[in-house]
Amino acid sequence: MEIKPIFSALMRSKTGPILVAVQVALSLAILANAMHIVSVRQAVAARPTGIANEEEVFNLRVKPLKPGGHEEQLANQKAQAAALRAVPGIVSVADTNQITLSNSGNYNSVAASREQERSNASPSMYVTPDSLVKTWGLKIIDGRDFTPQDAPEIDQNTSKAFPTVALITKATGQKVWPDAPSFVGKKLYYGTGADAREVTVVGVIDTLQTPSAAMGQDGEMSTMVPARITGSSRSLYTLRAEPGQRDRAMKDAEEAIRKLHNGQVVVRTTTQSEERVKRYRADNALCWMLITVSVLLMMVTASGIVGMASLWVTQRRKQIGVRRALGARKLDILRYFVTENLMITTTGIVGGLLGALALNQLLVSKLELARLPAEYMVVGALASWALGIAAVYGPAWRAASISPALATRSA
Amino acid sequence: MIQYYFLLGVRSLRRNPILTALMVLILAVGVAASVSTLTILHVMSGDPIPHKSERLIVPLVDNGPIKGYTPGEREGDEMSYRDAVNLLASGQGDRRTAIRGVDGTIEPARKDLPVFTAEGLSPTRDFFAMFEVPFVHGGPWSEADDKSGADVMVLGGKLAERLFGNANPVGQRVRFRGFDYAVVGVYGNWKPIPRYHRIIGGPGAFGDEDEFYIPFHNAIRHEMGQNGNMNCSSDRGPGYQALLDSECIWIQFWFELHSASDRPQLQAWLDAYAAEQRKLGRLQRNAPNKLFNVMEWLEEQKVVGKDSRLSAMLAFGFLLLCLVNTIGLLLAKFSVRAPEVGVRRALGASRKEIFTQFLIESAVVGLAGGILGLVLALGALALIGSISEQIAVTTHMDWMMLLVTFVMSVSAAMLAGLLPTWRACQVTPALQLKSQ
Numbered sequence: 002m003e004i005k006p007i008f009s010a011l012m013r014s015k016t017g018p019i020l021v022a023v024q025v026a027l028s029l030a031i032l033a034n035a036m037h038i039v040s041v042r043q044a045v046a047a048r049p050t051g052i053a054n055e056e057e058v059f060n061l062r063v064k065p066l067k068p069g070g071h072e073e074q075l076a077n078q079k080a081q082a083a084a085l086r087a088v089p090g091i092v093s094v095a096d097t098n099q100i101t102l103s104n105s106g107n108y109n110s111v112a113a114s115r116e117q118e119r120s121n122a123s124p125s126m127y128v129t130p131d132s133l134v135k136t137w138g139l140k141i142i143d144g145r146d147f148t149p150q151d152a153p154e155i156d157q158n159t160s161k162a163f164p165t166v167a168l169i170t171k172a173t174g175q176k177v178w179p180d181a182p183s184f185v186g187k188k189l190y191y192g193t194g195a196d197a198r199e200v201t202v203v204g205v206i207d208t209l210q211t212p213s214a215a216m217g218q219d220g221e222m223s224t225m226v227p228a229r230i231t232g233s234s235r236s237l238y239t240l241r242a243e244p245g246q247r248d249r250a251m252k253d254a255e256e257a258i259r260k261l262h263n264g265q266v267v268v269r270t271t272t273q274s275e276e277r278v279k280r281y282r283a284d285n286a287l288c289w290m291l292i293t294v295s296v297l298l299m300m301v302t303a304s305g306i307v308g309m310a311s312l313w314v315t316q317r318r319k320q321i322g323v324r325r326a327l328g329a330r331k332l333d334i335l336r337y338f339v340t341e342n343l344m345i346t347t348t349g350i351v352g353g354l355l356g357a358l359a360l361n362q363l364l365v366s367k368l369e370l371a372r373l374p375a376e377y378m379v380v381g382a383l384a385s386w387a388l389g390i391a392a393v394y395g396p397a398w399r400a401a402s403i404s405p406a407l408a409t410r411s412a
Numbered sequence: 100m101i102q103y104y105f106l107l108g109v110r111s112l113r114r115n116p117i118l119t120a121l122m123v124l125i126l127a128v129g130v131a132a133s134v135s136t137l138t139i140l141h142v143m144s145g146d147p148i149p150h151k152s153e154r155l156i157v158p159l160v161d162n163g164p165i166k167g168y169t170p171g172e173r174e175g176d177e178m179s180y181r182d183a184v185n186l187l188a189s190g191q192g193d194r195r196t197a198i199r200g201v202d203g204t205i206e207p208a209r210k211d212l213p214v215f216t217a218e219g220l221s222p223t224r225d226f227f228a229m230f231e232v233p234f235v236h237g238g239p240w241s242e243a244d245d246k247s248g249a250d251v252m253v254l255g256g257k258l259a260e261r262l263f264g265n266a267n268p269v270g271q272r273v274r275f276r277g278f279d280y281a282v283v284g285v286y287g288n289w290k291p292i293p294r295y296h297r298i299i300g301g302p303g304a305f306g307d308e309d310e311f312y313i314p315f316h317n318a319i320r321h322e323m324g325q326n327g328n329m330n331c332s333s334d335r336g337p338g339y340q341a342l343l344d345s346e347c348i349w350i351q352f353w354f355e356l357h358s359a360s361d362r363p364q365l366q367a368w369l370d371a372y373a374a375e376q377r378k379l380g381r382l383q384r385n386a387p388n389k390l391f392n393v394m395e396w397l398e399e400q401k402v403v404g405k406d407s408r409l410s411a412m413l414a415f416g417f418l419l420l421c422l423v424n425t426i427g428l429l430l431a432k433f434s435v436r437a438p439e440v441g442v443r444r445a446l447g448a449s450r451k452e453i454f455t456q457f458l459i460e461s462a463v464v465g466l467a468g469g470i471l472g473l474v475l476a477l478g479a480l481a482l483i484g485s486i487s488e489q490i491a492v493t494t495h496m497d498w499m500m501l502l503v504t505f506v507m508s509v510s511a512a513m514l515a516g517l518l519p520t521w522r523a524c525q526v527t528p529a530l531q532l533k534s535q
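Residue numbers (the working numbering), protein chains in the order written: chain A, 2 to 412; chain B, 100 to 535.
To be clear, the hints were calculated from the coordinates, so they are not data collected in a lab.
All values derive from a computational prediction rather than experimental measurement.
All C-beta atoms in this analysis are idealised placements derived from N, C-alpha and C, irrespective of residue type, glycine included.
Do not take every clue at face value.
Cβ-to-Cβ under 10 Å is the rule here; a few derived chain A residues that face chain B [as the list claims (entries may be wrong)]:
1) G17
2) S233
3) K367
With the hints as extra help, turn the sequences into a complete structure.
Given below as structure tokens:
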């Protein structure tokens, strides 16, 4: 091979090659980290909530003009639920205190015993008198769902009553009882000490995210208790419509509630898909920003390689002509420029890999991001090589096409 | 001479149109990426009330349970009702206010408007003077209204217009949560960025303006629930009085000091207060009592998001790449000018003259890049702002950022031009003249 002469030629004028190598290094360092961040964010946004067919689910919030007393609220809740169930196309309705992915919810510390000083976890607590399991299509992997008899009616302004049974997610069970083979039948305590509320776990849900859907295991730490609560200033329902009927059913449901209260009520509806979009909006925005920067990065680097290679081709026109006249084939000229470019990009890639690690170190220490896995560096390096060859191909082909007779004539 | 070099620079933009356009474009893209991310950081980390930010102070006392406490952790960043009431009565500082969120339904008097919900704050009277809320009609409620928790309301401009159109609503009634509130004032365009007066709970640091204000003691008297954050370390028991007696933290407190130098006195007073409460069996953690001024509070609440910092860091990495790219392009552009340099040097121009000329030419490229970069940055900001209203408030460029755009672009171009310019100066006149 002709590596040695190419190398000596490079050594004679270093500035250009160094500039190209630095560009490759910079773009690789940024690219590898940006792609890693994008894939982490997308994995986060792709986590399942546990709710089956989210596109069929919507939520409806009802705010009366005045809260009203316990009995009035109970009557209202039952009338509202009945009105919603009567809407055509509605499969299932459940009263709930909070919505997955809505970012606003209730979190309570739980413990495996009354005596321990520190709680085991702070899972979110869903409260429903109906069956969220049925409405949301949650998967129960052990035990049973609530029955209507499980749910007491509690006025939270006057009563300290608390349900006696609970459903927990697998993640919550594993955090509270790390080694237990089964969580059904275990006693769980909300809080610690003498006032802790004891509940018996009757079932285990495979997955149900919390309203904030935090990163990691915390996002799946949910518990659920059965109760009909009054004393809150609003009611919240989650509904499942028949496939394809959601938007119409949502309008009808809103209308049904308004009619029930003669318009003296504020109703707000959101689809579960909207909650998802809102929850991950910032992550998506960052992903698009990073993808945009990455694309621009590749384009700038490619233009840098094209520009430099073109300059060298112009400068070496005469030499190329001489080489061709002395018997070099078009292929040899092409190979010369591609090899030269490979040597430069490889140097850049080595620098870029080190740069990627350094940038990642900076991001880890300053912004607590995750470590960069080796795959991204490998893929980034391959992409840089491909980009380098693609960018140099045009100028190299032009060099190869130089006619020896024309190029040597003026000499 | 500099003026002449500048004109030469402008003229030479046309000499290699493709090369120059590429250079300007790349510089512009790099500058636009940096400036747009920097603008967001700049707005997010701005001082919302520069002349007063040293004197507005958030106090924090840790009232969490001693059981299971590890020193260094903190119960939360708000205050219990008991502490808030005690601090209001303390007489410390020139002014003081306790703020919490309220929401509820509003029944408009006009029958053509449907019932709707509104969100507002419930502060004490000093709030308006402390945060310099501008009034367009009326003013704050009176001391007496503050004490008695009267049904009075200060409306935000948007809500006032929705309910009463352009008429002056002072003296009118607004039916809120089933009670008739008398409108005492309407505040005008007041939208601090960040919304430092209440970052926790509600719409966040970059949310919309508050729709209305009612007296702190009014919301308590009507037993309104908290709209926002509430942290309870233990079960508080049923009923509203239990909430008021509990150690749940949910109220945002602010002091206004007469001068920033009064801070040690306030600290001493707060320590004495905590010690006194400890004797009563509260605040058993004996954690340090903290004071934060506005900028410290914004820092503590991490108002500038990590994602914004990340974007800015990567954008600057990108600018660096554009800079290296520009060095290469300038090198190419200047290298074909060796004969010209040779002639000038032979006619008596010193190296310094050549250096100045080529550096100014680089600066002209930077200036062009800055103009295009500004357009691109404004476009990028509009695009970023369309993501959500919260982000939109941070995507406004001010004069300072405008200046930064040009300074950044021109200095990047001049920095990139250093090496090519130095190379141009090395041209030996004799060699150049001989080869012509």
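With chain B as the partner, please determine if K367(A) meets the hint condition of a C-beta pair closer than 10 Å.
-> 7 Å, holds
With a cut-off of 10 Å, does the beta carbon of S233(A) approach a beta carbon of chain B closely enough for the hint to hold?
-> 8 Å, holds
Interface restraint verdict for G17(A) against chain B (beta-carbon cut-off 10 Å) = This interface hint holds because 7 Å falls under the 10 Å limit.
When held up to the earlier numbered hints, the structure conflicts with none and fits them all.
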